[in-house]
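S.K.: So the sequences go chain by chain: A and B. Using this note's numbering, the letters of the first sequence correspond one by one to residues 1 to 396. Using this note's numbering, the letters of the second sequence correspond one by one to residues 1 to 801.
Hints should not be assumed to be uniformly reliable.
In silico contact screen, one side only, chain B against chain A (beta carbon under 7 Å); selected entries [claimed, not checked]: (1) Thr113; (2) Asp115; (3) Pro296; (4) Pro299; (5) Arg301; (6) Ala304; (7) Thr415; (8) Ser431; (9) Thr612; (10) Ala614; (11) Tyr637; (12) Val638; (13) Pro639; (14) Pro641; (15) Thr747; (16) Gly748.
Calculated lysine-lysine pairs in the DSSO-like style (CA-CA distance at most 30 Å, straight line) [as the list claims (entries may be wrong)]: (17) A:Lys18 <-> B:Lys703; (18) B:Lys587 <-> B:Lys126; (19) B:Lys703 <-> A:Lys19; (20) B:Lys587 <-> B:Lys402; (21) B:Lys568 <-> B:Lys402; (22) B:Lys703 <-> B:Lys359.
None of these hints come from the bench; they were simulated from the model. Each residue gets a CB set at the ideal place from its N, CA and C atoms; glycine is no exception.
One letter stands for each residue in the lines below.
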Amino acid sequence: MTEPRDDRVPWHPAVDGKKAIDAAVAATAYDPVEAAPDAPRPAGAKKSVARYLGQVVELEVHLREALILVAERHERNYEVAQNATTLATWSSEHLAWLVPLTDRYGRLGDPRPALLRSALFSGTRFGSVGELADVTDLAVLVQKVQLTWMILRQGGRELHDAELTDVASRAHDHARRQLAWVTTMVEHISPDALAVVPDRRGQLLSSLPQRPTSISSIPDLVWGPATAAIQLLITGVLGLVAGSPWLVPSLGPTAVLVALMPAHPTARAWNTFAGHLGGLLAGFAAVWLAGAAGAPTVMGDHVLVASRVLAATIAIALTILAGAVLRASHPPAAATTLLVALGGIQTADQALALMAGVVVITVVGEGLRGIRMHRLAPAERLAPRDSIVGRLLHRI
Amino acid sequence: MAPVAGSQTRDAIADVWGPRTPHAGSWPVRVDERTAAAPERWVQSVCVLCSYGCGMDVGVADGQIVGVRGRAEDRVNRGRLGPKGMYGWVANTSADRLTTPLIRRRGRLEPATWDDAMQLIVARSKADIRDYGPSSHAFYNSGQLFLEEYYTLALVAEAGVATAHVDGNTRLCTATAASALIESFGTDGAPGSYTDFDVTDAIFMVGHNMAATQTVLWARVLDRLEGPNPPRLVVVDPRRTQAARRAEVHLAPRPGTNLPLLNGLLRILIERGWIDSRFIHDHTVDFESLVSSTGPWTPDRVEAVSGVPAADLEAAAEILGTTPTLVSTCLQGVYQSLQATASAVQVNNLHLIRGLIGKPGSTVFQMNGQPTAQNTRECGANGEFIAFRNWNNPEHVAQTAKVWNVEPGKLPTWTPPTHAMQIFHLAESGSIRWLWILATNPAVSLPELGRIRKILAKDDLFVIVSDAFMTETAALADVVLPAAIWGEKTGCTTNADRTVHLSEQAIEPPGMARPDLDMLVDYATRMGFKDRDGAPLVKWTDPEGAFESWRECSRGRPCDYSAMSYAKLHAVGAIQWPCTDAYPEGKERQYEDGVFNTSAEYCETYGHDLATGAAVTAEEYAAHDPKGRAMIKGAEYVPPPEQPDGDFPFLLTTGRLTYHFHTRTKTGRSRELNAAAPTPFVELASGDAPALGVSDGDLVEVKSRRGHVVVPARIGGVEPGVVFIPWHYGDDGTDNAPTAANRLTLTGWDPVSKQPHFKYAAVALSRVGRHENGEPGPARLAGRRRRSEATPEPAHADVER
């Protein structure tokens, strides 16, 4: 080459790449139906619509992420990878369509889609058996999406909301087509997955990630132990440096939860932090209520007395209530509260040390969850942001 | 190699298309002939070096082929032959033909007897079926065999082994033709006839470099262009091909943007009312889907995405929207690019909304890439069910089982046949352990070559290759079987306008070479495949026996051969299907009454989602049974899997040259053809050359995310930002830099037809040096290239996209 090329050019210099990409993206844009502003609608309906809008937004976000996950995991099976990517752009499209509707109706948060998502796509998945497991999991999500759109479409008709009806009908049709693709894939893959003696090694080798970014492809068997250990190691080392007992037994379940169920809502940062804090406070409250402040401790004195039993009983109930009030359910917090109720933690210093450990593990855990869960711009790794695919995946 | 002496009626290298015979209405005869010595006798045959299917006689002397001549009475070519036809036959007499079976021992291929080779194949086959099931077996075949061989292969694979892993290399060239015809008209099979070119008022070529790939058909068009009332010509091609030079409007879209372009054209037609509302109402369904899918594609948007100026688009739309008759053709520029089936279907839609189908001068050709690709599809060796039947229709399965006398449940109809790229994926992952490759060379022709070669070389994959030559693929095989080829065996071929020819045996195969039909029958016998009464599954040992069974099998289907016979084909020469008692001489056009093959009980599939490839279920189809109406299917835009960027700023497209066919297994062995195009090259735009510091003949490294090649440059002929490399060439087998274009291409395929994307990959270019003699080819080619610049009708090596 005689002269250096400008590497920032997103396309060939003779082609207006940006204009081409803009036009291609615009061609898939939705031409909105005019909303009829004056249609009389019952006031109570607004909140109900907002609830289902919230649900469908959550579902589409999870579906988009799941499709990207599946595309990445099975990138050597082009059939799966390419179509899953295309279908992810549809979910992204739906999220863009939803914006004017949520502007009008608002939307209520809904944790259930995250619960559903956390039950799916886990474990080690490679070869045709892994493909089959992933596409059948997709079917569960897509079906939920399709039905929620149907609910919204029916509501839109009843409310004479032309825009809502139109968006829901189109999205419902897309979901139907997404499900048809999943069904077709199940038909294609099943004979190979069931009837052919698997060559595990060959399948594993042929499904290794082509790019180092495909962290979703690392099996739980490797990811789980490694990241649980990392969480405790960092917390412990920082505790050593600080010269304070930051490592407490109740951080163990938190580390396991984050390592193995990163998608589960109870593993979120807020749940971890507020959950343990709630447990801590509930424990102290229970000790005070039960009058167990001076009683022998279970761990130290190796005896069990009635006041400690009463404290533990009150503590666990209060912890669950606190979790509900704070929207921070976090099962490991139950261990924290028992630690206090049974006398393992008695002073403010000890409580502060525990919370310091919680803060560290929350920060570390959230980072690991982000990596594993693709919270960090999932689409970015599948396609550059300035490509057409990238733009379509990033519409919202 | 080829004898030098002899005579020829014309030099088809220097003048590819021959002298003009202008006409309108009926194509005059012009007999082309080339002989190396005086023939003792002429044997009736057909040319198998492109999909056009010219009738030819083969001259024989002393038990050798000594020449060819076009058959004057043949409806396809009226005596003409193209350069490949005139010079390619010498491959039969090549000294490097395979003449003995080879078995790999201690890493080397060593000569063996037929008995040893077949015993090894059968022993491994039986063991793998026992240990891993029939789905451990796959057959990857070709568009080069004869009808009788495909039919036997389908029987052996589906009813003998009972594996669904059967596909042809036709997947690379013609699968989209089949898919597009099925999606629109209900079944495969061309609606029209080549004679439609003789009377039409306009021709629309989409991604079809006819001048290079079907040279005799292009001669037919040239004769129209120079005769009275010439047709108006619209060409869609990113390269300035011969056809593009003759076009009234040439649209040069960026690779990968066919669908936006076609949607834009259809949008203009709909907007201007250039549609036949009566035909749409009476003979089609779902016009609304087209209105909504084309809606976003305004001319400005099409221009931004495809680079085609809006004014050119309007000009093309005016021709296509107002012409009273129209013949359209599609080929690899559509089939091997993005959204292949969706785009090809839009060309069908053009004819449907204008009502221009099923009448003289009006039809759409979804062309084929190979001479017998139509037979691969008809016979069920290309992933379709036999005789255009429907896998998902129990009645159709029962019909086939009855003809073959097997239990319907034995046929693997629960899943669609595995397509070529998936066969290799399953071989990679270890599911497929026994792979028979017939008459094709995937180690050059498949995308992402490095990966394919690694798979073929795997220890746990047993590879059988039957071929006439030691191809790049055969070199990786465990067993190589020497095959008889065209001229050395008898069988039928069917071309892209449904014309059936009988290619009769002219000479004996060399050495121990045998026809693939014999190998398949031998395999089936040794495996002990039986029908449901315990009789041998394959009930024939010769081609005519296979043809008789096929006649019965095809009865009642669109590709009905029931009133054909070898005797009739020998007497008449060329017959179009359907050939039935009602149409004993064959039928020239399908769908003349506007009734299509779409009724639920007759159609070939229930269709697919053009964006995802999701199959439509029987219930869904029955609920909207088109009952004989054609299906208009709009298609939305799907973004490309890869896109040029700062690192890879050019778009690569690949294609064929006039003088070669596929991986040059045959044409590379003709001195004339090889001399005309001996080496690969990369073509780039004159505007791009200075920035890269590249001048004509410089060696250039072309790099993609998957591999690189080093080839000499040719300047000009493509739009800026686009480069072109012919894919015929493998690497030269030495330590020299690689030259196989498919090292660059990506693993990706159309969701419906599963045809791989050869026409679309992002690449980077850099100059690495000077080619040895400073020219992209030897002197002869360079000389003709120079001449071509001086003359308005150059004959330089032209290329199909």
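S.K.: Now look at each hint and say whether the structure bears it out.
M.R.: These are the hints, each one checked on the structure:
This hint is violated: B:Thr113 has a C-beta 32 Å from the nearest C-beta of chain A, more than the 7 Å allowed. For B:Asp115, the interface hint is violated, since its Cβ never comes within 7 Å of a Cβ in chain A; the closest pair sits about 30 Å apart. For the restraint placing B:Pro296 at the interface with chain A, the shortest Cβ-Cβ distance is roughly 4 Å, inside the 7 Å limit, so the hint holds. The closest approach between the C-beta of B:Pro299 and any C-beta of chain A is roughly 11 Å, which is over the 7 Å cut-off, so the hint fails.
For B:Arg301, the suggested interface contact is upheld, since its CB lies about 5 Å from the closest CB of chain A, less than 7 Å. Interface restraint check for B:Ala304: the shortest CB-CB distance to chain A comes to about 4 Å, inside 7 Å, so the restraint holds. The beta carbon of B:Thr415 comes within 5 Å of a beta carbon in chain A, closer than 7 Å, and the hint placing it at the interface holds. Residue-level restraint check for B:Ser431 holds (minimum Cβ-Cβ distance to chain A is 5 Å; threshold 7 Å).
Contact between B:Thr612 and chain A, as hinted, is supported at the beta carbon level, the nearest pair being about 4 Å apart and thus within 7 Å. Of the supplied interface hints, the one on B:Ala614 holds, with its beta-carbon coming within about 4 Å of a beta-carbon of chain A, less than 7 Å. Taken as an interface hint, B:Tyr637 checks out: its beta carbon lies about 5 Å from the nearest beta carbon of chain A, inside 7 Å. With a cut of 7 Å, the hint placing B:Val638 at the interface with chain A holds, because the nearest CB-to-CB distance is about 5 Å.
Given the 7 Å rule on beta carbons, the hint for B:Pro639 holds: about 4 Å separates it from the nearest Cβ of chain A. With 7 Å as the threshold, the beta carbon of B:Pro641 comes within range of chain A, its nearest partner Cβ sitting at about 6 Å, so the hint holds. Contact between B:Thr747 and chain A, as hinted, is supported at the beta carbon level, the nearest pair being about 5 Å apart and thus within 7 Å. Proximity of B:Gly748 to chain A holds as hinted, the smallest CB-CB distance being about 5 Å (cut-off 7 Å).
Of the pairs offered as hints, the one joining A:Lys18 and B:Lys703 holds, with about 23 Å between alpha carbons and a cut-off of 30 Å not exceeded. Note on B:Lys587 and B:Lys126: the hinted pairing is violated, with a Cα-Cα distance of about 45 Å set against a maximum of 30 Å. Pair hint B:Lys703 plus A:Lys19 holds up; C-alpha atoms about 26 Å apart against a cutoff of 30 Å. Taking the CA atoms of B:Lys587 and B:Lys402, the gap is near 27 Å; set against the 30 Å cutoff, the hint holds.
Between B:Lys568 and B:Lys402, the direct Cα distance comes to roughly 27 Å. Compliance with the 30 Å bound is thereby established for this hinted pair. Only pairs whose Cα atoms come within 30 Å are accepted, and B:Lys703 paired with B:Lys359 is rejected, the gap being roughly 48 Å.
Hint check: violations occur at hints 1, 2, 4, 18, 22; the rest are consistent with the structure.
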